[in-house]
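Trainee: What follows is the residue order along each chain.
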Amino acid sequence: MQRFILSKRNHIAAVSAVLIIIGFASELIFSYHPVALWALAIASVLGVFPIAIQAYQALKVKVISIDVLVTIAVIGAFLLQNFEESAIVTFLFLFGAYLEQRTLHRTRSAIRELTEMAPDRALKKMGNGSFEEVAIESVSVGDLLLVKTGAKVPVDGKVVYGSGYVNEASITGEAVPVGKQGKSPIFAGTIVENGTLTMIAERVGEDTTFGKIIELVEEAQDAKSEAERFIDSFSKYYTPAVLVFAALVWVFSQDVELAITMLVLGCPGALVIGVPVSHVAGIGNGARLGVLLKGSEVIHDFSKVDTMIFDKTGTLTMGKPVVSDVQVYTKNQEVLGYLASVEIESDHPLAQAIVTYLGKQQAYAVEHTQVVPGKGIAATVAGHRVVIGNRSLIHQEKILLPLQIQEDMDRYEQQGDSLVLTAVDGEVAILMGIRDQLRPGVKNDLLMLKRLGVKHMILLSGDHQGTVDHVGRELGLTETHGHMLPQDKADYIRKLQKQNRIVAFVGDGVNDSPSIALAQVGIAMGGGTDVAIETSDVVLMQSDFGRLPHALGLAQATARNMRQNIGIAVGVVLVLLFSLFFSDWMSMSVGMLVHEASILVVILNGMRLLRYRVREI
Amino acid sequence: MKKATIYLEALTCPSCMQKIEGATKSLSGVDKESVKVLFNASKVKLIFDENQIDVADIERAITSMGYEVKKSQVTES
Numbered sequence: 006m007q008r009f010i011l012s013k014r015n016h017i018a019a020v021s022a023v024l025i026i027i028g029f030a031s032e033l034i035f036s037y038h039p040v041a042l043w044a045l046a047i048a049s050v051l052g053v054f055p056i057a058i059q060a061y062q063a064l065k066v067k068v069i070s071i072d073v074l075v076t077i078a079v080i081g082a083f084l085l086q087n088f089e090e091s092a093i094v095t096f097l098f099l100f101g102a103y104l105e106q107r108t109l110h111r112t113r114s115a116i117r118e119l120t121e122m123a124p125d126r127a128l129k130k131m132g133n134g135s136f137e138e139v140a141i142e143s144v145s146v147g148d149l150l151l152v153k154t155g156a157k158v159p160v161d162g163k164v165v166y167g168s169g170y171v172n173e174a175s176i177t178g179e180a181v182p183v184g185k186q187g188k189s190p191i192f193a194g195t196i197v198e199n200g201t202l203t204m205i206a207e208r209v210g211e212d213t214t215f216g217k218i219i220e221l222v223e224e225a226q227d228a229k230s231e232a233e234r235f236i237d238s239f240s241k242y243y244t245p246a247v248l249v250f251a252a253l254v255w256v257f258s259q260d261v262e263l264a265i266t267m268l269v270l271g272c273p274g275a276l277v278i279g280v281p282v283s284h285v286a287g288i289g290n291g292a293r294l295g296v297l298l299k300g301s302e303v304i305h306d307f308s309k310v311d312t313m314i315f316d317k318t319g320t321l322t323m324g325k326p327v328v329s330d331v332q333v334y335t336k337n338q339e340v341l342g343y344l345a346s347v348e349i350e351s352d353h354p355l356a357q358a359i360v361t362y363l364g365k366q367q368a369y370a371v372e373h374t375q376v377v378p379g380k381g382i383a384a385t386v387a388g389h390r391v392v393i394g395n396r397s398l399i400h401q402e403k404i405l406l407p408l409q410i411q412e413d414m415d416r417y418e419q420q421g422d423s424l425v426l427t428a429v430d431g432e433v434a435i436l437m438g439i440r441d442q443l444r445p446g447v448k449n450d451l452l453m454l455k456r457l458g459v460k461h462m463i464l465l466s467g468d469h470q471g472t473v474d475h476v477g478r479e480l481g482l483t484e485t486h487g488h489m490l491p492q493d494k495a496d497y498i499r500k501l502q503k504q505n506r507i508v509a510f511v512g513d514g515v516n517d518s519p520s521i522a523l524a525q526v527g528i529a530m531g532g533g534t535d536v537a538i539e540t541s542d543v544v545l546m547q548s549d550f551g552r553l554p555h556a557l558g559l560a561q562a563t564a565r566n567m568r569q570n571i572g573i574a575v576g577v578v579l580v581l582l583f584s585l586f587f588s589d590w591m592s593m594s595v596g597m598l599v600h601e602a603s604i605l606v607v608i609l610n611g612m613r614l615l616r617y618r619v620r621e622i
Numbered sequence: 006m007k008k009a010t011i012y013l014e015a016l017t018c019p020s021c022m023q024k025i026e027g028a029t030k031s032l033s034g035v036d037k038e039s040v041k042v043l044f045n046a047s048k049v050k051l052i053f054d055e056n057q058i059d060v061a062d063i064e065r066a067i068t069s070m071g072y073e074v075k076k077s078q079v080t081e082s
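Chains A and B, in that order, give the protein sequences.
Per my numbering, the very first residue in the first sequence carries number 6; after that it's consecutive.
Per my numbering, the very first residue in the second sequence carries number 6; after that it's consecutive.
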C-alpha cells in the first residue's frame, strides 16, 4: 500500500493540481464557497499521504527529514481549516520533487552515458561445447567467450582463437582500430569492428580496466569534500533545530500559524542539493571530455593552483626520440647502409630512431660488435671499422673532429639534440641530432593555462640541463631543472609547498608517482601506468595533454558554481525568514513556492556546467 | 564476509541517503563501517556476513523504505 502510494506520487500531484484549480475557480468565478472548500480539503488529504509516509519511514530510522517538517506544517494548517495553504503546499512539494527528479536525471546524464557503455551480455562456452548468451555477471575468470563483429568485448582477457580489428576508443581514446590475434590482450567495453574472436576471460566485473574507470568516476561524484560533509552534518542538526525553533515560537507567541509557517520556510532544500549538483555536473562534463576529476576536494584544490610542474618525457614531449638534424661529410653512399646494419641489431632508443629514419638500406654483414655502455657501439662492417656514438666515444677512439664538425655539433646541442656520430675507418662521416619531439599544440595549451591563472610553470626532468633548457625556452616556461631524480622532484615540490604555493604535478610514469601523490593536485596522463592513475587526483584520460586547460578551467568553473549555489540557498532562507518577521506578504505557500523555485534554480545553475568549454586561444 | 553492490532506482533527495543508511546500518550482520550510499550513482555498497543475513533481507529493508531495488551483485570480499 505504502509503495503503491509512493509510486503514484506524480499522479497524485496532477490530481491535486486539478482540484486546486477547481477550488480557486469556483471561489473566484462563482464565489461558491463549499465546493472550493471541499476541493482544497481533498487535495490536501490526497497530497499529504505520500509525504507523510516518507516522513514516517524517516522517523522509523531516527531521521528528521524535510518530509517531517512539511507533514507537521500541512496537518497544522489543515486543523486550522486553512485548506488553501495546506493544498498548495503539498502540491508544490510533490511537484517540486517531480521536477527535481527530472532535472537531476539530466545532470547525471553524462556519467550515465559512460556506465551504459559497459557490456551486459556475453556469449559463453557452455559444458556441451556450444556458445550461449548469458548475463555478464555469470562470466567468471577462465571462461571461454565468443565475440562477433559489431559486439562489445564483455570482459578483459586474451584472444585464444581467431583474429580481427578492435576499436579501443572507450579505453584509450584512440579511434583507429587495432589488429588482434592469438594472445593479444583485449579489453571490456571495446568493440570488434571486423572478425570473430574467441577469448579467455582474465578479469571480470569491476576488475576490468573499463570497470575501474567507471568505479573511479562513480566514487568521484560521491566522494565528499570538507564543505559537503559540513553541510551534511549541518542538515542533520538543522532540520530538528527548525522543528524545535518552531515549537518555541508556538509556545511563546501562541501563534500556531506563525509556527507552522516557520516549519516550511526553514526547509533546507536548496542547501542540501546545491553543492552535490554542481559537483556531479562538473565531473560529468569532465568524464565526457576525457578528464577525470576525483571528487570535489580535488576540484576545490585544483581551482586554486598557481604552480604547475611538468615532467618532460611523455608529458610535454611525445616520449619517442626522432632524428631531427642530419649532416653527411662523405660522398660514400654505402656509409648509410653500414650505419643501418649496425643499429638494426641494437634496441637502444636512439638506435631505433636512426633505423626508423634511414628506412630500408643495403644490408651488410656485421662482425665483432662491441657495445660501450653510455657511449655507443663499434663493429666491423664489410671490412671497415665503424664507430657509432657520442662525443666521448669519438675521443676515446682518438678520431679527429674537424672545426666545421665541431661547430655543427655545438649548434645541434644548443637546439636540444642528443648527438650520434658515425665514423668509418677513423674519419667522421655522419652527424645526427636526435630529439624527443614536443607534443603538437603544447605551446598553445601552456598559454591557455597561463591565462587561467597559473603563474609558475616549471619543468623538472632527469634529462641533461641543455635539453631541458631548450624545451623551456621554446615553450616559455618560468623555470627548468635538469638532472632530477624522482627523489629530487619530490623535494622540490616540498620546498614550493613550504612557500604556500598550491602545486599541481603532471606526469605519466611510475617514476612520477611519488610527486603525483605529494603535490596538492596530482595529474596523471591516462595512458600511463595503473599506479600513476590510482595515486593521482586528476586523470587526462586519453593521455591527451590538450585536455589540461579544459580540466583546469572546468575545476575553476565548478568551484565557482558551488559557491553560487551555496549563496543562493543561504540567501533564500535568510530572505524568507526576514520577510516572515518584517513583512506581511509572507505565507506558507509563498515560502514553499520560493523554496521549490530556489531548488530548481540551483539545479539549473549546476546544469550549465554540462555545457562548459574552455575558451580557446 | 561478502561484498554487496545494490543498484537502486534513481535517488533524488539527499535525505534518502540518510534513510537508506539508517535502514541498512541497523541490520545485524551488516558491517556498519562499510555501508556506503552513493547518491549520484544510486547504489549502496556494503559488506555483510552471509551466515547472519541474506542479501534478500537487506533488499527488503531498503524496499520497505519505499526505494525500489533494481538488482544486487554479491562478490567475495
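In case anyone wonders, no lab produced these hints; they're calculated from the structure.
For glycine and all other residues, C-beta sits at the position ideal for the given N, C-alpha and C.
Just to be clear, a hint being listed does not mean it is correct.
Claimed, not checked - Here are some, though not all, of the chain A residues that point toward chain B, as calculated from beta-carbon distances under 7 Å:
id : residue
1  : Q62
2  : V66
3  : L104
4  : R113
5  : D148
6  : E220
7  : L221
Trainee: Decide, hint by hint, whether the structure agrees.
Mentor: Here's how the hints hold up against the structure:
| no. | hint | in the structure |
| --- | --- | --- |
| 1 | Q62 | 5 Å, holds |
| 2 | V66 | 3 Å, holds |
| 3 | L104 | 10 Å, violated |
| 4 | R113 | 6 Å, holds |
| 5 | D148 | 16 Å, violated |
| 6 | E220 | 9 Å, violated |
| 7 | L221 | 12 Å, violated |
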